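Whenever a hint applies, use it, and build me the whole structure from the sequences.
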Amino acid sequence: MSESTELNELIAGLVQEERLVHAVFSKPAARQADVRRVDLRPVALKEGLKYQQTERRGRQEFHENLEPAAALERMQSLAGAVFRHVHIDASDSQWSARFNKKGVCRLQKQKLSSKRASKPAEHDQPKSHLIPEGTPAPFLVATGLMSPAGNVKSGRHAKLRQINRYVEFIHDIAGRLPQDETIRVMDFGAGKSYLTFATHYYLTEILGRQVSMTAIEQRPEIVETCRRLAGELQLTDLEFAQGTINDFQQREEHVHLAMSLHACDTATDDAIGAAVRWNADVIMAVPCCHHELASTLPRTSDSPTHGHGILHERFCELQTDAVRAELLDYVGYDTTVMEFIDLEHTARNVLIRAIRRGAQPFGPRSPNDRTPRAAFSSSLGLPPLRLQRILEECGVLDSAE
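Sequence positions in the sequence shown follow my numbering and run 127 to 527.
Don't read these hints as lab results, they were simulated from the structure.
Fair warning: there could be bad hints in the mix.
[Claimed, not checked] Each computed BS3-like pair below joins lysine-lysine, with the alpha-carbon atoms no more than 30 Å apart: (1) LYS235 x LYS176; (2) LYS153 x LYS235; (3) LYS318 x LYS153; (4) LYS235 x LYS285; (5) LYS153 x LYS285; (6) LYS153 x LYS176; (7) LYS228 x LYS153; (8) LYS153 x LYS227; (9) LYS279 x LYS235; (10) LYS279 x LYS318; (11) LYS285 x LYS318; (12) LYS279 x LYS153.
[Stated by the list, open to error] The following label-pair restraints were derived from C-beta to C-beta distances: (13) GLN360 x ARG183: 17 to 27 Å; (14) GLU135 x VAL463: 46 to 56 Å; (15) ARG157 x THR422: 48 to 58 Å; (16) ASN405 x SER217: 50 to 60 Å.
In this text the structure is predicted, and so the values were computed from the model without any measurement.
We put the beta carbon where it would ideally sit given N, CA and C, even for glycine.
See below:
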């Protein structure tokens, strides 16, 4: 018996015995397929047991409830012919199947350590994550967050939540990225690159888009590790480059998405400034430490934060990010400051999202928005902060304003 036939019989048995918990079909056999992923799971409805099918097409999901027989036929038709990756959660086991380009199936089983509840889920469930637990993602396996069967390793659930939260932000702006051309992405200060790989995975595997992605990191040992992982995953469209943001300032090619995740202190300003200079369509920045304003803002005796170091620090963080957001808004971006889930080893949880307005490269929303930029810092009796100086130097802001 071939493993493909064994897979079909496995699915049939799980449906007949009502032991199927969740089935995921991914990695379309056709590169340009409209449907990127299909999930099926049992749901308990008033009229009896059904299987809820969720089809993911681009940024949208389409739901349909199927009778068990129709669900079985649907799953067997998807495996191999339409999708190359199949992951099945049963009440007492997990299965994964991989089809190669010739249609040959490799089926693997992993027995669970404890019995799962096989009770069908209620119909109204919380929305599933874009990268769900239980479905192996190659980059998560390679980086040690998941087992090959899709189980999140002990102590790594918080990291997966962080990854999913960031991917949700990318999901929200995906419509602003090119539909029919290669998406060019720059990632400043990539670090260990969990979110770099996650962004690449979402754009290529879930949305099925072509990308050209460059991730910049100063530390050579981390760059080497990330290059090795990218090689193992055969990600030829993801490049890891050693250097600083300033090393890439002269890049001429248009950037669609610029990411900066915890670039320290004014390195965030350097990244935002470079992204604006490139006229990036979308900028996603998660700032890190804020030393510039904290070191220049006087702590006078009449200041409310005098004598309270933590309040002085938080005030400087908020003011700095507010200045960044206002500057981005002024030079032609719709800017939103959002809460981001806490990252490991840091409490910085603010994300600045900036989406370029229209085709005009730079400029305020309207003539009435030409608020003097000096007001940002002069209200505190300070010189302009770094991002303002960068934008003035590259001609995006008029220093005379």
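Results for each hint:
In summary, the hint linking LYS235 to LYS176 is supported, as the alpha carbons are separated by about 25 Å, within the 30 Å threshold. For the proposed pair LYS153 and LYS235, the alpha carbon gap of about 19 Å is at most 30 Å, so the pair holds. Only pairs whose Cα atoms come within 30 Å are accepted, and LYS318 paired with LYS153 is accepted, the gap being roughly 25 Å. Of the pairs offered as hints, the one joining LYS235 and LYS285 holds, with about 26 Å between alpha carbons and a cut-off of 30 Å not exceeded.
At most 30 Å may separate the alpha-carbon atoms for a hinted pair to count; LYS153 and LYS285 meet this at roughly 24 Å. At most 30 Å may separate the alpha-carbon atoms for a hinted pair to count; LYS153 and LYS176 meet this at roughly 25 Å. Between LYS228 and LYS153 the CA atoms are separated by roughly 15 Å; this keeps the pair inside 30 Å, and the hint holds. For the given pair, LYS153 sits about 11 Å from LYS227 by alpha-carbon distance, which is consistent with the 30 Å threshold.
Restraint check for LYS279 and LYS235: the C-alpha separation of about 18 Å stays at or below 30 Å, so the hint holds. The straight-line distance between the Cα atoms of LYS279 and LYS318 is roughly 18 Å, inside the 30 Å bound, and the hint therefore holds. Between LYS285 and LYS318 the alpha-carbon distance is near 12 Å, which keeps this suggested pair within the 30 Å criterion. For the hint linking LYS279 to LYS153, the alpha-carbon distance of about 23 Å falls within 30 Å, and the restraint holds.
A hinted range of 17 to 27 Å holds for the C-beta pair GLN360 and ARG183, which are about 26 Å apart. For GLU135 paired with VAL463, a C-beta distance near 54 Å keeps the hint of 46 to 56 Å intact. Taking 48 to 58 Å as the suggested C-beta distance range, the pair ARG157 and THR422 conforms, at roughly 53 Å. The supplied range of 50 to 60 Å is met by ASN405 and SER217, whose beta-carbon atoms lie about 53 Å from each other.
Of the numbered hints listed earlier, not one is contradicted by the structure.
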